[in-house]
Amino acid sequence: MIERLDLLRALADRRTDEIVVMTMTATLQWPVVSQHDLDFDFLAFGMGHAADFGLGLALSRPERKTIVLKGDGGLLMNLGSLATIGRFGPPNLVVLLLENRIYEMTGGQGLPTGVDFEALARASGIHNGGSQGTGKVERCETLDDFAAELPRLLTESGPHFVVLPVTNSHTLPPVNHSDHAGRVVKLRRALGVERAESQR
Amino acid sequence: MTVGNGLSGSKTVESIVALGFSHVVMIPDAETRVLFDELVARPEMQLISPAREGEGVAIAAGLWVGGARPLLILQNTGMMEAGDTIRGCGLGPKIPLRMLVGWRGYPGAMAGRLPIDSAFTYTEPILRAWGIPYRLMMEEGDLDALAEIDRIAAETSMPAAAVFGWTFRP
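The listed protein sequences correspond, in order, to chains A and B.
Numbered according to the numbering used here, the first sequence spans residues 2 to 201.
Numbered according to the numbering used here, the second sequence spans residues 252 to 421.
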């Protein structure tokens, strides 16, 4: 099991100009390790849909990677999205599935046991799939494994779907209900597209 | 009461292309299959077919935030399923989703056939409850509704919808 905050720190240390979309408990810890204009807090935008939003971002911004940090409980809410990534996922999409086997945000209730998320992603056509046939489904068991694979994940053509078994021993910061429209404006400004729509 | 006799899929696609949409996010249904086939063949835009409408709304939101110009095409039933995502990825963060919504149940209701499809009954009340401005597209003369909802969405930075009631003709 990987300590989640260590995993997030490893990603933040390597990340340069990639968009990072995070949701649920990852939104609480990501600001501890990153304050970046291309960070996007998806919390309360729609449960289970962070990777879908990331797919749209990746399609519209092919010049950079879009990385999505999402949980296994959220994926169960929207398993069909795996098939969509398997068909339409562009090479610049990276989905990091934080597998903790609980609904952590709501108090730690257990997920259905026996679900193999790596197998689900493979069976959905992501491996050797995506829009270019370059998709990969992987699993990293340790922080060292993840740190070793990260440079490749940030440069290699995907889409990538990486299962990361995580735990958390840190006290979580409180939920931040910041202005949702403001989050959108901030990211669009960072991408240089905010003025385009208003000028139409 | 509006009745109309439907629209040509070809002319509707020409309108979509003319408005400069970069992506169409849609799941085909019985009413839009002609439209779907026309869109697949158009090189000007990419057609994305998600597994479910809520997923499609989030994809469209991501596309727009990234600077693209997506159009969502969904049946009223899918719009109802996608309610939380329309809230979270449209109404709340002020993302101007352009939606072309199929009004399942409309022909039957206009013909007075019973029982009335509940999908017909709740479509307009739900759009009104969400505060989503909408225009009806029931015949060829209504095609301007697409440009109008595009303008409304741009001016308000909020979702707007064009609602069609009949199966698209070739």
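Any given hint could turn out to be false.
Ranges of calculated distance between the beta carbons of each label pair, as one might list FRET restraints [said to hold, decoys possible]:
hint : chain 1 : residue 1 : chain 2 : residue 2 : range
1    : A       : T107      : B       : K345      : 46 to 56 Å
2    : B       : E265      : A       : A120      : 25 to 35 Å
3    : B       : V291      : A       : P113      : 28 to 38 Å
4    : B       : E375      : A       : H171      : 47 to 57 Å
Honestly, the hints are just simulated from the structure, not real lab data.
Glycine residues also receive a C-beta, built at the ideal position from the N, C-alpha and C atoms.
Here is how each hint holds up against the structure:
Under the hint 46 to 56 Å, the C-beta atoms of T107 (chain A) and K345 (chain B), about 28 Å apart, miss the expected range. Checking the proposed 25 to 35 Å range against E265 (chain B) and A120 (chain A) shows it is violated: the Cβ atoms sit about 44 Å from each other. At roughly 37 Å, the beta-carbon separation of V291 (chain B) and P113 (chain A) lies within the given 28 to 38 Å, and the hint holds. Between E375 (chain B) and H171 (chain A) the C-beta distance comes to about 49 Å, which sits within the given range of 47 to 57 Å.
Hint check: violations occur at hints 1, 2; the rest are consistent with the structure.
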